[in-house]
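In the order they appear, the protein sequences are chains P and Y.
Numbering follows our numbering, with no gaps: position 310 of the first sequence is 310.
Numbering follows our numbering, with no gaps: position 186 of the second sequence is 186.
Keep in mind the hints are simulated off the structure, nothing from the lab.
Be careful, since some hints might not be right.
[Claimed, not checked] Simulated restraints, written as ranges between beta carbons of each label pair:
| hint | chain 1 | residue 1 | chain 2 | residue 2 | range |
| --- | --- | --- | --- | --- | --- |
| 1 | Y | His468 | P | Val179 | 50 to 60 Å |
| 2 | Y | Gly279 | P | Pro165 | 36 to 46 Å |
| 3 | Y | Arg187 | P | Trp68 | 28 to 38 Å |
| 4 | P | Val179 | Y | Asp426 | 52 to 62 Å |
[Stated by the list, open to error] Calculated from the model, a selection of chain P residues having no Cβ within reach of chain Y, i.e. all distances over 12 Å:
| hint | residue |
| --- | --- |
| 5 | Trp26 |
| 6 | Arg39 |
| 7 | Trp87 |
| 8 | Tyr101 |
| 9 | Trp146 |
| 10 | Pro158 |
| 11 | Pro259 |
Quick reminder that beta carbons are idealized off the backbone N, C-alpha and C, glycines included.
Each chain, letter by letter, is given below.
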Amino acid sequence: MRTVPPPGAAGPGPRALLRRCLRPRWRPLAAGSAAALVRQVALLSLPLCAQRAIDDGITRGDLGVTAWWAVAVVAVSAVQWAGLAGWQWWANSADAEAGAYLRTRLADRLAVLGDGDVPGGRGDLALRATRDTDLVRIWVHGLPTWVVIATTFAFVLPALAALDPLLLWVTLACLPPLVLVNVWFPRRFEPALDALSGAHAARADAVADLLAAASSVRGLGGGQVLVRRHHTASAAVAAATMRAARVSAAWSAAGPLIPRLAIVAGVGLGGPAVLSGDLTVGGLVAFTSWMVTVTIAVRVAVDRFADRVLELTVPSAAGLVERDLKQEEARHG
Amino acid sequence: MAEVPALTEAPDTRGLLRRAGPFLRPHRRRLAGALGLSLVESAALVGIAPAVGAAVDALLARDGGAFAAAVALLAAMVIGVAVIGRLAATTLADAGERIVRDLRERVAERLATAPLRFLEAHRGGALLQRATGEVAELAMFVREALPGLVSATLTLGLTVVLLLGYSWELTLAVTAVFLAPALLITRWFARRAGAVFGAHAEAEAVMAATFTETLEAREDLRATGGLPAWMARFARDNAVAVAAQRRTAAVENRVGSISLVEGAALGLLLVAGAWLAAGGHMSVGAVVVFVLAARNLFEGFGDLSQLAGDVQTMRTGLARLLDLLTAAAPPPRGDRILPARGELAAEDVVFRYEAGEPALHGVSVRCAGDDHAGLVGETGSGKTTLSKLLAGLYEPDGGRVTFGGIDLREVPEEEVRARIALVPQDVRTVAGSVGDNLALAPGEPDRARMLAAFEALGLADFAAGLPHGLDTPASDLSGGERQIIGLVRAVLADPAVLILDEATADVDPVTARRMETALARLRKDRALLVIAHRPATVELLPRLIRLHAGAVAGP
Chain P
1 MRTVPPPGAA
11 GPGPRALLRR
21 CLRPRWRPLA
31 AGSAAALVRQ
41 VALLSLPLCA
51 QRAIDDGITR
61 GDLGVTAWWA
71 VAVVAVSAVQ
81 WAGLAGWQWW
91 ANSADAEAGA
101 YLRTRLADRL
111 AVLGDGDVPG
121 GRGDLALRAT
131 RDTDLVRIWV
141 HGLPTWVVIA
151 TTFAFVLPAL
161 AALDPLLLWV
171 TLACLPPLVL
181 VNVWFPRRFE
191 PALDALSGAH
201 AARADAVADL
211 LAAASSVRGL
221 GGGQVLVRRH
231 HTASAAVAAA
241 TMRAARVSAA
251 WSAAGPLIPR
261 LAIVAGVGLG
271 GPAVLSGDLT
281 VGGLVAFTSW
291 MVTVTIAVRV
301 AVDRFADRVL
311 ELTVPSAAGL
321 VERDLKQEEA
331 RHG
Chain Y
1 MAEVPALTEA
11 PDTRGLLRRA
21 GPFLRPHRRR
31 LAGALGLSLV
41 ESAALVGIAP
51 AVGAAVDALL
61 ARDGGAFAAA
71 VALLAAMVIG
81 VAVIGRLAAT
91 TLADAGERIV
101 RDLRERVAER
111 LATAPLRFLE
121 AHRGGALLQR
131 ATGEVAELAM
141 FVREALPGLV
151 SATLTLGLTV
161 VLLLGYSWEL
171 TLAVTAVFLA
181 PALLITRWFA
191 RRAGAVFGAH
201 AEAEAVMAAT
211 FTETLEARED
221 LRATGGLPAW
231 MARFARDNAV
241 AVAAQRRTAA
251 VENRVGSISL
261 VEGAALGLLL
271 VAGAWLAAGG
281 HMSVGAVVVF
291 VLAARNLFEG
301 FGDLSQLAGD
311 VQTMRTGLAR
321 LLDLLTAAAP
331 PPRGDRILPA
341 RGELAAEDVV
351 FRYEAGEPAL
361 HGVSVRCAGD
371 DHAGLVGETG
381 SGKTTLSKLL
391 AGLYEPDGGR
401 VTFGGIDLRE
411 VPEEEVRARI
421 ALVPQDVRTV
431 AGSVGDNLAL
441 APGEPDRARM
451 LAAFEALGLA
461 DFAAGLPHGL
471 DTPASDLSGG
481 ERQIIGLVRA
491 VLADPAVLIL
501 DEATADVDPV
511 TARRMETALA
521 RLRKDRALLV
531 IAHRPATVEL
541 LPRLIRLHAG
551 AVAGP
């Protein structure tokens with residue numbers, strides 16, 4: 001009996017498949033990335049406006065200056081909104097088209113092969129066309145987010161240097177532990193996700209058996225045995241889900257913790273700079289706001305890194321089907 | 001025709017919490033614990049802004065001690081968010097997974113007991129998608145989106161409470177400018193979201209069903225030259241799914257307009273804060289708290305808006321699962337017990353597959369406890385339909401089927417299965433070995449019983465000839481070999497009535513005769529009803545019942 005090789009055994013096939021999936025969709029992806037860039041620059045400009053409003057307006061009791069910066073806040077928000085709308089629209093277009101491409105490719109391949117040539121159970125194959133394809137789509141959908149992450153760092157770091165070099169050093173100091181988090185957790189998350197994917201596939205096969213054997217097994221009273229087999233597979237899904245959830249929870253907690261500790265350090269160390277006049281209160285607020293944005297960027301980056309793991313594991317299931325089918329084609333001439 | 005319950009493609013999502021209640025209630029304590037932890041996490045997160053505000057006021061007042069205390073408080077909040085957040089997310093995922101597990105196991109149980117007519121009336125791919133893809137989506141929501149959803153909701157609520165403590169006037173102003181329009185925008189989104197997300201889920205389900213059917217039908221399609229037309233249909237279904245997703249993107253973009261409202265609220269906050277600070281009604285530190293906490297407010301709302309799509313998808317998926325549980329529910333049955341032996345009888349039975357001409361009309365047949373009879377007739381005369389009715393797999397639209405004088409509808413299904421077994425022509429095997437498939441017989445027989453059953457049928461040589469014995473993969477078996485497995489399962493089940501529907505049609509005539517003789521000999525007190533076209537099979541039977549056009553034509 002043939003079995004589908006474990007996802008970890010995937011060679012360069014899945015990456016080539018992802019490239020073929022992305023190439024025809026470069027226009028919506030480029031447009032989505034450009035819109036995401038506009039949105040992020042506008043979003044990061046808002047703390048600058050708030051800083052000027054606090055330092056030049058509120059602290060000095062000048063209502064006119066505050067009002068001027070308040071109008072600037074509204075204008076920048078409008079730009080941010082337009083960018084967000086474009087980002088969402090084009091990212092959705094790219095992911096929907098990528099899903100259609102993958103499903104068509106899988107069906108084209110499977111349609112020309114015989115029953116004995118198809119790797120894996122029917123339920124497993126159905127999952128590859130639905131859940132695994134969806135995971136590739138989520139990954140494609142998230143690609144413009146990398147632009148957002150890069151923009152955040154490209155904008156925030158020079159801005160912090162202009163405020164006070166001390167705040168820049170605090171921010172830079174939090175980068176190595178961030179890298180550590182993003183190296184450590186994928187290594188723990190990847191096998192957990194593999195196990196979860198396998199458990200879902202095994203359960204899907206159990207459900208497919210229940211449906212396929214409805215008449216022949218039921219006529220002999222074997223349905224309850226299939227239900228028990230399903231429940232064993234379901235228990236394995238629950239255990240694998242919780243293993244993945246525990247890693248995910250630890251990852252989600254550790255990711256934002258580092259920039260938040262940087263806020264503590266920035267406020268603690270920036271305080272004396274405010275007292276000495278080297279830094280303004282508005283500057284400290286802008287730093288805090290930007291670190292909140294960096295926290296979000298890190299959280300999203302953590303998610304994106306998780307998707308990088310998916311790129312190497314679960315979506316490769318689609319590539320595995322391709323590879324298995326190619327092997328079968330070669331075997332059958 | 002008795003109504004066959006149908007699945008709804010886009011079931012109503014109203015009252016979902018109430019309908020899902022039976023699945024939530026057993027886990028309410030765990031859920032409450034998880035929500036409590038999330039509340040503490042959110043409180044610590046919301047507490048970061050006032051800690052910064054206190055530090056700013058201390059700086060402006062040049063109070064070093066107060067500044068150090070504020071920084072220490074800030075550090076405690078940050079560490080608390082991480083530690084409790086991790087615990088809350090794990091606890092919530094655990095509670096959610098337990099609920100999803102109950103749901104998916106109930107779905108499997110329903111599919112195992114659903115009326116056969118319900119299963120036959122629905123596309124296998126559609127049922128598989130609901131029972132696997134949508135369950136997996138629900139599990140993913142619980143694992144990934146639910147902790148964020150709970151955290152964002154609590155953070156939003158606690159932020160409003162915090163701001164009220166600083167200045168109710170400014171809180172009201174921000175609420176009026178931000179929350180009211182944001183809620184209106186969310187309602188604007190929700191108005192279209194149900195239909196659009198439902199249509200998207202339906203398009204995806206159609207796509208999954210078409211894919212599964214491509215797997216099942218591809219050999220026939222190739223043989224009949226229908227593959228190009230089928231793939232054109234596949235492309236059309238794909239295009240519909242892409243268009244449906246674009247519509248969801250357009251509706252989701254309605255939510256994005258909240259960022260405009262955020263800008264207006266921040267602008268108002270700055271101007272009003274400046275005015276209050278200039279009048280001495282509020283400190284600059286308090287204005288800073290508002291600026292930072294407003295960010296919590298906006299982000300909390302933004303997170304919820306981002307999750308609104310996930311929530312809607314989850315609601316649609318959950319509604320489709322609950323719809324499956326309702327539609328696949330077996331009809332109510334009585335709790336009477338059947339005798340160990342008895343006469344199986346169809347009394348004036350009427351059955352329709354669709355409205356119109358019945359497939360069987362007024363059929364009455366009797367099969368005594370030790371009767372061996374054949375059911376013969378031309379193709380389409382109703383033999384297979386009658387066999388399913390006699391086996392209790394279909395319920396008659398008129399008349400009744402009895403065993404020992406008791407209507408099968410008044411008896412639990414497992415009781416019927418223990419007395420009456422049906423072996424169909426198309427024996428499907430499940431994933432696994434020959435032994436795994438034989439273990440499906442009632443009582444989960446061990447290997448010794450399996451080999452004894454082969455021997456009883458005169459097929460010890462067949463079992464010995466399997467490449468890996470009982471460990472031979474069932475997928476390697478031919479149609480005829482699968483029929484042998486079906487008959488061995490029947491021997492293992494050892495029912496009082498055995499109905500064979502062309503059960504040896506694909507087996508070579510010599511082996512078929514050997515098995516049929518053995519089956520008749522094995523238990524002389526067993527009723528045996530055989531549907532067959534092969535003359536050699538029919539001539540073994542002492543009595544024949546002849547069907548013609550859905551009615552008994554005579555002995």
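To see whether the hints hold, each was checked on the structure:
1. Checked against the given bound of 50 to 60 Å, the beta carbons of His468/Y and Val179/P, roughly 51 Å apart, stay inside it.
2. In this structure the supplied range 36 to 46 Å holds for Gly279/Y paired with Pro165/P, their Cβ-Cβ distance being about 37 Å.
3. Between Arg187/Y and Trp68/P the CB atoms are about 34 Å apart, so this pair conforms to the stated range of 28 to 38 Å.
4. For the pair Val179/P and Asp426/Y, the beta carbons lie near 59 Å from each other, so the given range of 52 to 62 Å is met.
5. Residue-level check passed: Trp26/P sits 17 Å from the nearest beta carbon of chain Y, beyond 12 Å.
6. Chain Y draws Arg39/P into its interface by the beta-carbon criterion, the shortest separation being 9 Å against a cut-off of 12 Å.
7. Not every CB of chain Y is more than 12 Å from the CB of Trp87/P (nearest about 9 Å), against its label as outside the interface.
8. Not every C-beta of chain Y lies more than 12 Å from that of Tyr101/P, the closest at about 9 Å, which undercuts listing it as non-interface.
9. Once the 12 Å rule is applied to beta carbons, Trp146/P is consistent with being away from chain Y; the minimum gap is 18 Å.
10. At roughly 22 Å from the closest C-beta of chain Y, the C-beta of Pro158/P stays outside 12 Å, upholding its exclusion from the interface.
11. For Pro259/P, the shortest C-beta to C-beta distance to chain Y comes to about 10 Å, within the 12 Å cut-off, and the non-interface label is violated.
Comparing the model with each numbered hint stated earlier shows that hints 6, 7, 8, 11 do not hold.
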